[in-house]
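Working from the sequences, and respecting the hints, build out all of it.
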Amino acid sequence: MKSAAQIAREVQSGATSASVELEASLAAVRARNEELNVFLHVDEEGARAAASRIDDRVARGETVGPLAGVPIAIKDNLCQAGIPTTCSSRILEGWRPPYNATVIDRLVEAGAVPVGKTNLDEFAMGSSTENSAFGPTRNPLDITRVPGGSSGGSAAAVAADMTPIALGSDTGGSIRQPAALCGLVGVKPSYGLVSRYGLIAFASSLDQIGPLSKTVLDSAILLEVIAGHDPMDSTSLPEPSPSLVAHVDDGVAGKRVALVRELVEGADPDVVASVERATVALKDAGATIIELSIPEFRLGLSAYYLIAPAEASSNLARFDGVRYGLRVDADDVTAMMEATRTAGFGAEVKRRIMLGTYALSAGYFDAYYGQALKVRTQMIDAFHRAYQQADLLIGATAPSVAFEFGAKTSNPMAMYLSDVFTIPTNLAGEAAVSVPFGTGEAGLPIGVQLLGPGRSEAQLLAAARVLEIADGRP
Amino acid sequence: MGSPLRREDVAYVAKLARLTLSDAELDMFTEQLGQVLAHAEDMGALNLENVVATAHPFGLINVVRDDIVRPSLEREVVLAMAPDARDGRFAVPRIMGEAP
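Chain order of the listed sequences is A and B. For the first sequence, my numbering assigns the number 1 to the initial residue and increments by one for each residue that follows. For the second sequence, my numbering assigns the number 1001 to the initial residue and increments by one for each residue that follows.
For the record, the hints were derived by calculation from the structure and aren't laboratory data. Since the structure is predicted, the reported quantities are computational estimates derived from the model, not experimental observations. Glycine included, each C-beta is placed from N, C-alpha and C at the ideal position.
Interface residues of chain B toward chain A, partial, derived using beta-carbon atoms under 8 Å: (1) Asp1009; (2) Ala1017; (3) Arg1018; (4) Leu1019; (5) Thr1020; (6) His1039; (7) Ala1040; (8) Val1051; (9) Thr1054; (10) Val1063; (11) Arg1065; (12) Ala1082.
Now the stretches of chain B that chain A is said to cover, found in silico as 3 or more residues with beta-carbon under 8 Å: (13) 1027–1036; (14) 1043–1050; (15) 1071–1079; (16) 1089–1096.
Here you go:
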């Protein structure tokens, strides 16, 4: 499939049309969606109308934006007006939002064509997309394995050449880990870089929307389109979107890169080998390599699995059968709410709501939630110390290549460990990119993770581009 | 940190969170949540008495905007999403008990 950059260029020049590219995308969806369970809803009518509008504008000689005519897949926790939005949960089945997320408005303004809504772990809670109420998504590279999660549907859409780019959301690794498992580039932007308005909240102090794509350039284009201040999100950074595309080929000459021991600890040998070869590639491109140990990273998982559920237990209190979504009738209002939530939420969501409720409850608050917030402070301080010695950090994105269905479903702790290398970035509100580098077991892709301080996306994408070239994708 | 999670703790938390659990679910969640809390014991061992807590990566400050009137969602549009609405309001089952 063509890259987003190529489609936009050709649509603007008249070499192709948005409608032709959309039909190719829809044909790819029809060919494999039943097998892979990628899209929960395909908006053929809306997408065709959007594509014709682009083609009309090109015919009138207008400039149509950096994503002109580019089909894009949208994770189904992002609100799109009039389009079913479920979070892969029974509790929102059939709900149609009355407004667009800010990122949707920005995509449309840039000429993109949203094709449909992709499967996810229910409310973005999971690392395999097996927690969806509408069945798991299969990894297009090996259908016996998971695509990762929670943005597994968005990753699979791009890996299966249904769309060149997709939007995901990343609370503890939900963009980077599926990107790694599906052989894609995925970016977790700095907290506040992308507006969360219209992203159905899981853990508000950790959530960020970001891009998935086959190429580094496409992620740069997409991120540049969706980033920038939004008055509708009070946590949105005050400045406009950064310049990313212009810096993609800046390279890493003179940069200090730290290989972090705790970001490869416990990973499979094939993953560790890829990370080591990636550091050599960065060195060959002119970077200085050092090794660092950041012991605080070992506490990330514990802190995250108290902080994220605590925020989720509060955010998901709004699903009570009163204003939208499912209602299970009962004699009085409390019984109705309890019956609705019991029927509407899946096991993992219940697990996290109860964990969060426990961590926040009287008598346990200081010991669990309070302690986790202090560990969060230590994590932020540890990152700051590391960035005095290095411009970028490098490690693995996930401990292994894509795993088989059912491998971790009976043991939540084993599933949670999939995010052990991605969680520190979310806790600190900083930025990270996963880029494919080499293959491992069964020829499956391995993701290398590059981490940087807040607002370092341009530098991270430039480093990812160096690895992309070194891995044979010029 | 705390003592091991008990079945009655999970039952209490489920009640607070407005969730009904079967006996089998109570057993399963007690074991699974217990494992997550046991993993968190690595934090309990730390002396963090003098560390300030961080609830938000950037330390939230109040963001204010000019007080400009702009359109919001139409009431009919919002009520159309509700499972039950009457007389321009969300409708729910009985809240108060019968009069004594």
